[in-house]
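**Q** Respectively, the protein sequence lines represent chains A and B. All residue numbers for the first sequence refer to our numbering, where the first residue is 11 and numbers rise by one. All residue numbers for the second sequence refer to our numbering, where the first residue is 190 and numbers rise by one.
A portion of the hints provided could be inaccurate.
Claimed, not checked - Chain B residues, not near chain A, derived (Cβ > 10 Å throughout):
#1 D191
#2 R200
#3 A217
#4 V322
#5 A390
#6 V412
Unchecked claim - Result set (SDA-like, lysine to any residue): computed pairs, CA atoms no more than 25 Å apart in a straight line:
#7 A:K90 with A:L47
#8 A:K90 with B:K431
#9 A:K100 with B:K431
#10 A:K89 with A:G164
#11 B:K431 with A:L47
What the hints assert, rightly or not - From chain B, some residues computed to sit far from chain A (all C-beta separations above 10 Å):
#12 S201
#13 R221
#14 Y370
#15 F373
#16 P402
#17 S439
#18 L522
#19 T533
#20 G562
No lab work stands behind these hints: they were computed from the structure. Using N, Cα and C, we set each Cβ at its ideal position, and we do this for glycine too.
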Amino acid sequence: MSTDNEIIERSLHSAGAFAEVFDRHARTVHRYAARRLDAGAADDVMSETFLVAFERRAAFDGSADALPWLLGIATNLIKKHARLEARAWKGLVASDLGRVDIDAIEQAAARLDASATARRIGGALRRLPAGDRDALLLYAWGDLDYEGVASALGVPVGTVRSRLNRARRTLRIAIDPGAARDEEVDHGRIVSASPDSL
Amino acid sequence: MDELSLLRRIRSEVDGPERAALDRGRAALLERAGAEAGIDARAGQGVRGTRVRGMGPDAAAAVAKRRHPVRWVGLGALGAGVLTVALVATNVLGFAGWRGGAEPAAADALQAAALAAVENSDPVVAPGQYLLVETDAVYGNTTNTEAGDYVSYLTINRDKLYVPADRSDDWVWVRSFREPYASFNAEGEALAQKSYDEEVAEADGVPELLRAPDAQFYGNSTVPDFDALPRDPQQLLNYIYKVTAGGGNSADGAALGWIADTLRTGVAPADVRAALYEAAAGIPGVEITEQVANLEGSTGISIGRVESADNSRQDLIIDTQTGALIGERRVELTDEGWGFPAGTTTGFTAVRTSVVDSAPEGGTQNGQFDREGCVDKGNGNFQC
């Protein structure tokens, strides 16, 4: 199977070939945008992302995976919907946390807890500096690794690392103000950036 | 649960994009890609390597324009491209002329055709009569199979356009289904048949019939404003370079594509036809590609240009005795991996005109969209 850069290179001569990039990544781009905005706005962001990418394809950096590049474009386009995004954070509710598997006996308490948690997460996300929020959401929702986030945002990997640390700490404190604030244990994925690139 | 796991769960159950949204996004991309590919973008043909059929009704909105047999590549598409900057605002000074023109023999043939077009002038259409333009249009279709290969086949549309004596009156357009025309292997043959069967089933077996004043089919005029075109060949060519700037694989290819698209409508007045032939004579690289070319039984001289960017050739086939356009075609010179063997004519249009006393009854402005109860959202967009 062709890698993304091979397809994009082919599309320089045969423009229609770029449709395959769309077929591969449109759903992921849509999902990322829908989580930050809403389904309607995500339709537009998805469509526009590929139009922008198509126009800029000659400048694509040649990575085998075009997803970081595409999510970077989508992230930029989402900025145009800042108000909608702020509303989405404000309206974060328990159901947004998804299905929660809990003991039936604890259900009522858990629901209350979930509602409060959702509100606190929403508030924290809304107050995060835009750059930190973009890095955090590309990492958590775009499923990119540190290098992918760096490539998407056009910043060094070291910057991504510090932004993510900052954003995660803010979020952690928001969820549980009593938690140890200096806790640095990485509960998430193994950080994939190589040490020499930090 | 740590903050990242919690964050990952937020809105993790969002629905994926709806089929219609995907189709619209893809169609918009193809539209853009098509505009860049210039002559490839003729609607109905789709862009090579893609397929526009088989979409849900919602997606029909996005492809409304694609269903036109004629697309004005580059008209209004000013913008991108260095050319725009280089060209001055007037048609008098511009791109045409200072890079030479067509090969002498081709230029001679085009001049002869231009003269003949003016001498023979247009058939007289009396009030109540119609100019009937019968267009057989073959399009290349390419499908990406599950295995990742490209399979191609050709389909043909046999459309009839009835142009009223007074062009502000109702025009009538009978659009046929896309019948299988040629395929290159069993898989392509099966796909062509399946695609045709689906199209017929979708329309309950009734071909699309449109009726609209001033050719305003699907909310847009299907013919360009001929009055606005310069009649001086050099000014016309400059105008064409300007409106096609940034499109196609090359400026000259896009310009010749525009001329072919305009001629293939079959409704260009004789003086415009003549000016278009002469404008083509001003395009570098234009040459005689076949002395006696046969298109659906009619023969004429083939004059065209090889596009080195994608190894294809665009031809105009002209009866130099009468100045009539027999048709135009596109030939794939090498096998580019799309499933068309080298030398395949991947698209052509054969045009015949005559004067008739009547046109079919019935038809609506938006044809199939009206039949499906779609709402006209303006500017060629329909909500179904």
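**Q** Of the hints stated earlier, which fail here?
**A** Hints 1, 2, 3, 8, 9, 11, 12 and 13 not satisfied by this model.
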